[in-house]
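So the sequence shown is numbered by this note's numbering: it starts at 6 and just counts up by one.
The hints are simulated quantities; they were obtained by calculation from the structure and are not laboratory data.
Don't be surprised by glycine CBs; every beta carbon is placed ideally from N, CA and C.
Some clues are possibly wrong.
What the hints assert, rightly or not - Straight-line alpha carbon distances no greater than 20 Å define the calculated EDC-like cross-link-like pairs of lysine to aspartate or glutamate that follow: (1) K24 to E131; (2) K18 to E35; (3) K118 to E67.
Stated by the list, open to error - Computed spacing ranges between beta-carbons, pair by pair: (4) G64 to N20: 30 to 36 Å; (5) P31 to M126: 29 to 35 Å; (6) L66 to N38: 36 to 42 Å; (7) I33 to I127: 15 to 21 Å; (8) N16 to S42: 30 to 36 Å; (9) N123 to I65: 27 to 33 Å; (10) N10 to R125: 19 to 25 Å; (11) G84 to Q28: 35 to 41 Å; (12) P41 to K124: 29 to 35 Å; (13) K18 to N40: 34 to 40 Å.
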Amino acid sequence: MSNINIHFDTNLKINFNSKHIPQYIPSIFEILNLNPSTQINILFVDNNKIAELNSEFRGILEPTDILSFSPDFSGTYYGTEKIKKINNIDFPKHSDNNKVLIGDLAISLEYIKNQSENKRMIFDNEIKKLIIHG
6 MSNINIHFDT NLKINFNSKH IPQYIPSIFE ILNLNPSTQI NILFVDNNKI AELNSEFRGI
66 LEPTDILSFS PDFSGTYYGT EKIKKINNID FPKHSDNNKV LIGDLAISLE YIKNQSENKR
126 MIFDNEIKKL IIHG
């Protein structure tokens, strides 16, 4: 069974039920041939927080829909200021050796709400698409 950790760091009032996420992530893991006990951490935030994270880890001070943090790949930093430890970001390790941390996702509910309204897409489907993408 997969280990899905969902956290919210926003006070936005958006009609979204995160309880559906653990129902479809195991299917995604199966399609990707991942260990069934794979761990993923999902943090739902607002545009201010995602812009802060985007600036800190990518050097881009603007909101985005999703940021993905992998324990295996450091990504690319586009900023002009040097930051420490960009290539050595410490990701949490799960104490259970049978579980593998696939990574962390930060998703802006505010950004996705605006994006789904502009594209006339269903909000929950946009969330699913981004989790798969992430």
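Item to check | Violations among the numbered hints, reported as their numbers in ascending order | outcome: Hints 2, 5, 9 and 10 not satisfied by this model.
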